Amino acid sequence: METIKDKVAIIGMGCVKFGENWEQGVDDMIVDAAYEAYEDSGIEPKDIQAAWVGTTGSGTRGSFLAYPLKLEYIPVTRVENACATATDAFRNACYAVAAGIYDMVLVEGAEKLKDTGASGLTGKHTQTGTWVEPPCPPPVQFALAATRYFYRYGLSFEEGKRTLAKISVKSHHNGAMNPKAHLRREITVEDAVKAPMIAWPLGLFDCCGVSDGAAAAIITTPEIAKKYRQDYVLVKGLGLTSGAFQAQLQNTYDFTHFEENVTGGKRAYAEAGVKNPREEIDMAVVHDCFSITELLIYEDLGFSPRGKAKEDIDSGFFTLEGGLPVNTDGGLKCFGHPVGASGLRMIYEVYKQLQGKAGPRQVKDLKLGLTHNLGGIPGQFTCAVCILGR
Amino acid sequence: MIGIKSYSGYVPLYRLGKSTVGWNSPVEKPIASHDEDSITMAVAAAINCLEDTDRSSIDGLYFGSTSSPYREKQAAATIATALNLRDDIALRDFTGSLRAGTTALSSAVETVKSGAAKQILVTMADVRVAVSGSDLERSIGDGAAAFLISDSEVVASIEGNYQLYDEIYDVWRAQGDTTLRSWEDRFAFDEGYLRLMPKAVAQLMAQKELNPDDFSRAVFYAPDARRLRDLTTKIGFDIKKQVEDPLFSTMGNTGVAFVPMLLVSALDKSKPGERIIVGNYGGGTDAFIFTVTPEIEKTKRKDGLSRLLESKEILPDYRIFAWWRGLTEIAPGRRRPPPDAPSASALFRERKKNISFLGVKCLNCGQPQYPPQRVCTFCHSKDKFEDYRFSDKKATLFTYSMDYVGGTMNPPIVISIVDFDGGGRAMVEMTDRNTDKISIGMPLQMTFRKLFSTQGFDNYYWRCMPPRG
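The listed protein sequences derive, respectively, from chains V and H.
So that you can map any letter, position 376 of the first sequence is 376 in this note's numbering, and since no number is skipped, the others follow by simple counting.
So that you can map any letter, position 234 of the second sequence is 234 in this note's numbering, and since no number is skipped, the others follow by simple counting.
Treat the hints loosely; a few may be bogus.
Here are some of the chain V residues that sit facing chain H, going by a computed Cβ distance under 10 angstroms [said to hold, decoys possible]:
#1 35
#2 132
#3 151
#4 153
#5 180
#6 376
Straight-line distance between alpha carbons at most 20 angstroms, and here's what the computed EDC-like set of lysine to aspartate or glutamate pairs gives [what the hints assert, rightly or not]:
#7 H:450 to V:36
#8 H:437 to V:158
#9 V:194 to H:436
#10 H:352 to V:133
#11 H:353 to V:32
#12 V:180 to V:36
#13 V:17 to V:6
#14 H:353 to H:190
Worth flagging that the hints you see were computed from the coordinates, not collected in a lab.
These numbers come from a predicted model, not from an experiment.
Using N, Cα and C, we set each Cβ at its ideal position, and we do this for glycine too.
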C-alpha cells in the first residue's frame, strides 16, 4: 500500500460564518464558501475538473453542488458518512488527485440544519421499519461513554462534570476569538456544571452547537500548487474506519474508548510517519460534538495516556498556550456543527493555522496539524482523520 | 388429575395513593404504566408462571381481557410470540365480560380433560378506565394473572365448576366507550351480583354435596366490602376465617384478573388438602372448587402477590395518570415529533427479534448475540447460528444515560447498555425504575412493553427493569 503523504496539496479554502443563518439558504452558503476558496486559490470556476460534495441531509446527488455553482457537465459525487461526511468527501477527492485522474478538484461540505424546527438534531430512526430501537439521539450516545468513564476511573459525578466543563470553557475561549464561529462568548466552569441537563450526565454546555454552514477546498498536485502559491498545504496522512456494531454486540466494548478513533488515528499516523502523536502533532481540531467525546479523543489519538486525560485537561495542555492546542477555532462546541460541512471546517482551521493566518488564535512553531471527524453511534462510528503539514 | 400446575399474579409498579396529588382517596390502586397494557401485563404474569416450565411443552394459550387492544387481531398470538411458545398451539381470546378470565380457565380445563392438550397456559389482564373522580375509578385497579392448566403435577386439582348467566346492564362499556358505564348501585349490585352469586355457589356446593364448612378458603368477587359481607352472610361463609381478603385498599378490582389474582393470593398461603371455592361475577357467575395437593409444597413459595403489592412507586400527581390513560394532555414540552407508523411487513419479518426477543448463538464460537446476525461478530463464520432467547436472561447494567429532552410519558428516557448473563448485550430503555437508584452493575431483567401506539399499531418491544421486590 502506498501513502497519500505529499501527493495532494490544498491551494484554496473557504468557510462561511457558521450559525443560525436564517438569511441564507444552503445554496447561498455553498456559493459563498466556494467563491472564497476560488479567490483564495486564484483559480477560475472553469478550472475545476471534478468535484465532491458532502451533506448528510440537505440535498442529494451531484447537482446539489453543480446547480448553485453552475459546474456544468463535470463529474460531481455526493458523499454521506454521518458527521465524518466532509472529511470523507475530502479523502475521496484526494485519492482522485493522487491517482492522477484529475488535477484540479473542488471539495465542499454544506448543511442547513436550522430549517427543521427542532432545537437539536431530529434523530429520526434509521435502522429498520419497526421503530423498536430505543431513541438514542447523539447526546445519549456519548453520555453512555461519560457514565462509564466516570465509573471506570473513579471520578465522582462532580469531578467528572468539572473535568468536562474545562474542555468546554477552553473551546468557548477560543471560539470567542473567532469571527466565523457560531457561539462567541466565554463561559466559566460553574456555567457549564450548572447548565440544564440534556442527557445525564451531559448538560447543555457539554453539547456542541447546531448550526448551518458550508466549507470548501480546492485541491491539486504539489507541482501545480507551486504555480498558484508558496504557502500551499500538503496532505500528510488520511485514515478512515467504520465500526461494525461492536458496542452492542460485544460485551468487551468498554465505552471508555472508541476503537474507531484508535484505528482511524493509527492509519493516518502511519501515512504521515508520526510515531509519537503527543510530541509530533502540533495542533488538532477534533470532533468535540460533546465534551466527553473530546476527552476520549485525547486518549484514543494518543495525545494523553489512557485514563490520564484529566491531568492534561487540568494542566491546560490543550489550550492555545499548551503543549498541544486542540480546537483552536472553538471546535464543534462553538464554531458549530453543520454536520456535512464540519470536516472541511476543521481542515480550514488547520490550513489557516499552517499559513500563519489564525490571528489571535495562532499557534506557534507549527509543522503538523490534525483534524478528526467522528460520526455515528458507539460501535458504529465512522472516524476520519486527516493530517496536514507544509 | 387435572388442575393448576403453576400460577402467578402481576401487579404493575405504579400506584395512585395517599401522597398522589389530586387522587383524594385513602385507597391505593396499582396502575399500569404508560408502556403497559393488558397484553404486556399478561406476558409479565405468564413469564413468572412459566419460570420452571419448558415452554415447548405448552399446547395452548388462552387469554381473557375486556381491554384487549384490537377488535380484529388476536392478542393471544402476540402473547404467545412474546413468550416464544410453539407455533402450532391452540390460541383463544376470551372477552366481553369480567368472567373472561375464569371462562378461559374453565375452557382450558375442558380442553385438557378432553385429551386435546396436556398443558394450557391461561392468562388474564385488564386495564379499565373509569370517569375521573367517580366511585368506580377508586374501586378499580390494573393487574394480571396466569395459570398453567395441566394433566399432571398439579398444585390444585379442579373438583368441579358451574356457571350461570344474566342478560343485564350493571357495569358495562359499549363499542367506542373509553370509560366504564354503570347503573344505580342498588340495582347493579343487589339485583345482579347478590342475586346470582349465592345461587351459583349454592348450586355448585349442592352438586358436590359440600357445605361451607368443607372449605378452608373462599375466593369471591365483590363490588365492595359491604356486598362481600352481604354475600358471605347469605351463603353461610365466615368472612374472617374463610374468605380471601379482596384487597380493596391495596389492589382494587382488577377486572378479569381480579378473582384470578385473589386465587393466586389464596394459593400462595394454602396447604395440601385445603379445599378452595371460587366465585367470579360479570354478567353471570363462574364458580369452581379446587383441592390443594402436596405438590404445592414443591413450588417456590415466594408470596408472589404480596411481594408485588409491596413493590411500588407512588405517582406524585393524578394528572400523570390521566395523561397515561388519555384522559388529559400534559404540555408536551420539548417532545420530539411523534413516531412514524411502523411497517407491517418489517414488523412481521422481525417478529422473532422484536416480540420474542430472540437473538442468535454462534454454533462455531458459542457466543450469544443480539440482534440476530448473519456473520458472527466474534469469529466471522457465516450463517452458523441457532436461535437464542434473551427475554428470560438476567442482566446487569453496563452503562446508561438519562435523556431529559426526548419524548416520553415518564421522563427521563433511561437508555441502558445491558450485559446478559451468559453473554450478549443490548441497548434498551429502562422502565419501572427510580432514577435515584440507578447504578452501573445493578441487576436487571427484561420486560415486554408497548413502546407507542400510532395509526392502529401498538408497537411492542422489550425493555429492561430492576427486578421487583
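Original post:
Taking 20 angstroms as the top limit, are the C-alpha atoms of residue 353 of chain H and residue 190 of chain H close enough?
Top reply: Violated - the C-alpha atoms of residue 190 of chain H and residue 353 of chain H are around 50 angstroms apart, more than 20 angstroms.
**OP:** Using Cβ atoms only, decide whether residue 151 of chain V comes closer than 10 angstroms to chain H, and label the hint accordingly.
**Re:** This hint holds: residue 151 of chain V lies near chain H, its Cβ roughly 5 angstroms from the closest one there, short of 10 angstroms.
Original post:
Regarding the pair residue 437 of chain H and residue 158 of chain V, is the alpha-carbon distance no greater than 20 angstroms?
Top reply: holds, 18 angstroms
**OP:** Using Cβ atoms only, decide whether residue 180 of chain V comes closer than 10 angstroms to chain H, and label the hint accordingly.
**Re:** For residue 180 of chain V, the interface hint is violated, since the closest Cβ of chain H sits about 28 angstroms away, which is over 10 angstroms.
Original post:
At a threshold of 10 angstroms, is the proposed contact between residue 376 of chain V and chain H supported by beta-carbon distances?
Top reply: Not OK, violated: residue 376 of chain V not within 10 angstroms of chain H, min 14 angstroms.
Subject >> Straight-line alpha-carbon gap residue 450 of chain H to residue 36 of chain V, limit 20 angstroms >> reply: violated, 53 angstroms
Original post:
Taking 10 angstroms as the limit, does the beta-carbon of residue 132 of chain V come near enough to a beta-carbon in chain H?
Top reply: holds, 4 angstroms
Original post:
Between residue 194 of chain V and residue 436 of chain H, does the CA-CA distance stay at or below 20 angstroms?
Top reply: Holds, at roughly 19 angstroms.
Original post:
Does the interface hint hold: is residue 35 of chain V within less than 10 angstroms of chain H, judged Cβ to Cβ?
Top reply: violated, 36 angstroms
Original post:
residue 352 of chain H and residue 133 of chain V: Cα distance at most 20 angstroms?
Top reply: holds, 14 angstroms
Original post:
Against chain H, is residue 153 of chain V within 10 angstroms by beta-carbon distance?
Top reply: violated, 13 angstroms
Subject >> 20 angstroms limit on alpha-carbon distance, applied to hinted pair residue 180 of chain V and residue 36 of chain V >> reply: Holds: residue 180 of chain V and residue 36 of chain V sit about 13 angstroms apart, inside 20 angstroms.
Violated hints, listed in ascending order, are 1, 4, 5, 6, 7, 11, 13, 14; each of the other numbered hints is respected by the structure.
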